Amino acid sequence: MIKKLLVFVLFALSVTFVGCSPKTENIDTINDQGKPVMQLDYRDFDRAASQMVQSLIASGSLKKEGGGKYVLATGRIVNDTMQRVDTDQLMAKVEKELMGSGLVVMTSTVSGGTSPRDSMVYDVRDVRDSEKGSEFKQETLQAKGQLIAPELSISGKIIQRNIRYDNDKQQVEYYFQLQLTNLATGLRSWQDETIIGKRGDRKHVPW
Amino acid sequence: MRLMLNTLLLVVAIGLWGCKQEDKRVSMAADVKSDNAAVNIVTKPVIYAFSWVAGEGIEIDRAVTYTNKDGFMELTVDGHNRAFNTIRFEYKVEWLDKSGVLIDTATSKWLQTSAAAKAPFTIKAVAPRTTAVDFRMNTRKIPK
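Same order as they appear, the protein sequences are chains A and B.
Counting from 1 along the first sequence, just add 116 to a position and that's the residue number in the numbering used here.
Counting from 1 along the second sequence, just add 65 to a position and that's the residue number in the numbering used here.
The set of hints was computed from the structure by calculation and includes no laboratory data.
Hints may contain errors.
Stated by the list, open to error - Only some residues are given here: those of chain B computed to face chain A with a beta carbon under 7 Å: (1) PHE137; (2) ASP143; (3) GLY144; (4) ALA171; (5) THR172; (6) LYS174; (7) ILE188; (8) VAL191; (9) PRO208.
Model, not experiment: these values are computed from the prediction.
Every residue, glycine too, gets a C-beta built ideally from N, C-alpha and C.
Next up, chain A with everything else stripped away, as it sits in the complex (with noise of 0.2 Å):
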């Protein structure tokens, strides 16, 4: 009786706890009304990306003098957070608009860092260079000295720092910064810094 009683309380807490389990949900990444985190989320990035874009374009930085577009590459970005932040996370938002703007192309040929490239550029040269390189009609190709070099490279960094608020609370600064070279003379046409700041429970480990 008294193992038939146990196993009816032990089933009822059981459906009990699968009903209090919270749902999935998609996330409605267009209007999120989630709460903030302390972790660096995808809102951060597009916050970010954002500012940063519309900051670079305000500049005037990137206006070609006699026309044409810039070639930019993707220099090193640094991920000088407690996190693992894949910086594609900030970038690739960046590369699709500013070439979205009309005023820069890409370089997948060179990046620095753990940014972008595409081996391939490089694969089918080898190829070409290869003695498997006879088996393709030649003038399908890649011919020498085709790749452009980039003009202009944007580089960049993502800190982190932690702060102690009070006795229960906590400050996160994450602190996104770019910068613009022209790759012909070093010199720097703009720069600028996002800064996003949290505040929560010391409890919530930001990494």
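Starting from the structure of chain A, add chain B where the hints point.
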């Protein structure tokens, strides 16, 4: 007669004092500027309560657009906060082309801003496409 004249002068003086226009470009915080009904220890709770009940908040004074030398539309929105507390809110600027079609851009995101109590504020935005000829802007409370 003299009493009437003095009374009239007093009323005019009070009237002129009340009409004294402050430069709207300069906003003095309640705890910085000199005492008035809004900061007076006796009347302050009433004024603040009235402000809260009346639902005072953000008002937009003007929105100015112009095309910069590179052909990109720039937007400046000037407004002011009528409330007695700082108001933080989010805004999203979306850009429209000459056909009124929404331009798909990653810059049209909810961005945060803040307006200090009884103070003006400015929001600036730059269209990321030269095809933008118009805009629309939404605001919302910051999710908590």
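Against the structure, the hints come out as follows:
The interface hint given for PHE137 (chain B) is met, as the beta carbon of that residue sits about 6 Å from the closest beta carbon of chain A, less than 7 Å. Using the Cβ-Cβ criterion of 7 Å, the hint placing ASP143 (chain B) at the interface with chain A is not satisfied: the shortest such distance is roughly 18 Å. For GLY144 (chain B), the suggested interface contact is broken, since its CB lies about 19 Å from the closest CB of chain A, more than 7 Å. The restraint placing ALA171 (chain B) at the interface with chain A holds, with a minimum CB-CB distance near 5 Å, inside the 7 Å limit.
Here the hint on THR172 (chain B) is kept, as its CB sits about 4 Å from the closest CB of chain A, short of 7 Å. The closest approach between the C-beta of LYS174 (chain B) and any C-beta of chain A is roughly 4 Å, which is under the 7 Å cut-off, so the hint is satisfied. Restraint check, ILE188 (chain B) versus chain A: the minimum CB separation of about 11 Å is more than 7 Å; hint violated. The restraint placing VAL191 (chain B) at the interface with chain A holds, with a minimum CB-CB distance near 4 Å, inside the 7 Å limit.
Hint status for PRO208 (chain B) relative to chain A: holds, with the closest Cβ pair at about 5 Å, below 7 Å.
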